[in-house]
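Student: Sequence:
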Amino acid sequence: MPTRHPYGEHASQYAELWVPDHRVHPLIAIIIHGGFWRQAYGAELGRPLAADLAERGITSWNLEYRRTAGGDGGQPETFLDVAAGIDALDVALATAGLPDGPRIALGHSAGGHLALWAAGRSMLPEGAPGSQARGSRGLDGVVSQAGVLDLHLAHTMGLSNDAAGELMGSTPESDPAAWQLADPAAGEPATVPMVMLHGRQDVNVPVSMARSFARRAREAGAPVSYREFDGDHYGVITPGDPAWEASVEALLELGGAVAG
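If you use the numbering used here, the sequence shown corresponds to residues 44 to 303, in order.
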């Protein structure tokens, strides 16, 4: 059973540490769930993934955060929570007596956006929401599972009734500085290795967004591996589905590269 670790006073400020009976791999998967950043979707989406990873001997950190649409989240609260939740892993590992390892974020849909944003925290200006403190531990890699990686484009396309605009509480025109800091596609790409997985039949986050982001990231010199497959938006978070197996393979690949 996982142990719950609050990192704040709000009901959504916690993460679950899932520790396998026999730790086979040194990596730690930081699971960031999707749901277009809305309160209706929570950490329960990550639990089947964490349970499956535990059976494979992989430790995971299933992260919850404040969300929009009634969850007291949005900009900057959601970003502050993701940052604080990742930073809280240090204490959780120490409390459990576990050694650290490669920290690979596994983010689905909106969680893919938050994972890649978190990977670039060290590049944020000092004082920006969620910026990484000097000397603190960052992410070592990201596996994006049908990620909403381009916030501006998600707003332009009106994905899920403009969930991006709901997250930001503004438009790119009314608050360009906030959007620049919140959008992994808007500035310099993160330098950690990333594997992008996206299904061609995804009707929630169009594959065109993934192709565009991957092309621009590669042109900018980012270490991105883009992998497209026949499938929808949810196979990547369904244990037993080939897309989930591809997610685990990517996780092990990145974790092994860092550890090696």
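There may be inaccurate statements among the hints.
[What the hints assert, rightly or not] Quick list of simulated restraints, FRET-style, between CB atoms:
no., residue 1, residue 2, range
1, Glu169, Arg254, 31 to 37 Å
2, Gly178, Glu87, 33 to 39 Å
3, Val250, Asp205, 33 to 39 Å
4, Gln223, Pro285, 33 to 39 Å
5, Pro168, Glu292, 20 to 26 Å
Treat the hints as calculated values from the structure; they're not laboratory data.
If you're wondering where the values come from, they're calculated on a predicted model, not measured in any experiment.
Just so it is clear, CB atoms sit at the ideal spot from N, CA and C, and this is done for glycine as well.
Student: Mind checking the hinted window 20 to 26 Å against the Cβ distance between Pro168 and Glu292?
Tutor: 36 Å, violated
Student: Is the gap between the beta carbons of Gly178 and Glu87 within 33 to 39 Å?
Tutor: 34 Å, holds
Student: Could you check the hint for me, namely that Gln223 and Pro285 are 33 to 39 Å apart, CB to CB?
Tutor: Between Gln223 and Pro285, where Cβ atoms are some 37 Å apart, the hint holds.
Student: Evaluate the given range 33 to 39 Å for the C-beta pair formed by Val250 and Asp205.
Tutor: Because 20 Å falls outside the window, the suggested range is violated.
Student: Check the following: the C-beta atoms of Glu169 and Arg254 are separated by a distance inside 31 to 37 Å.
Tutor: Given range 31 to 37 Å: holds, Cβ gap about 34 Å.
The structure shown violates the earlier hints numbered 3, 5.
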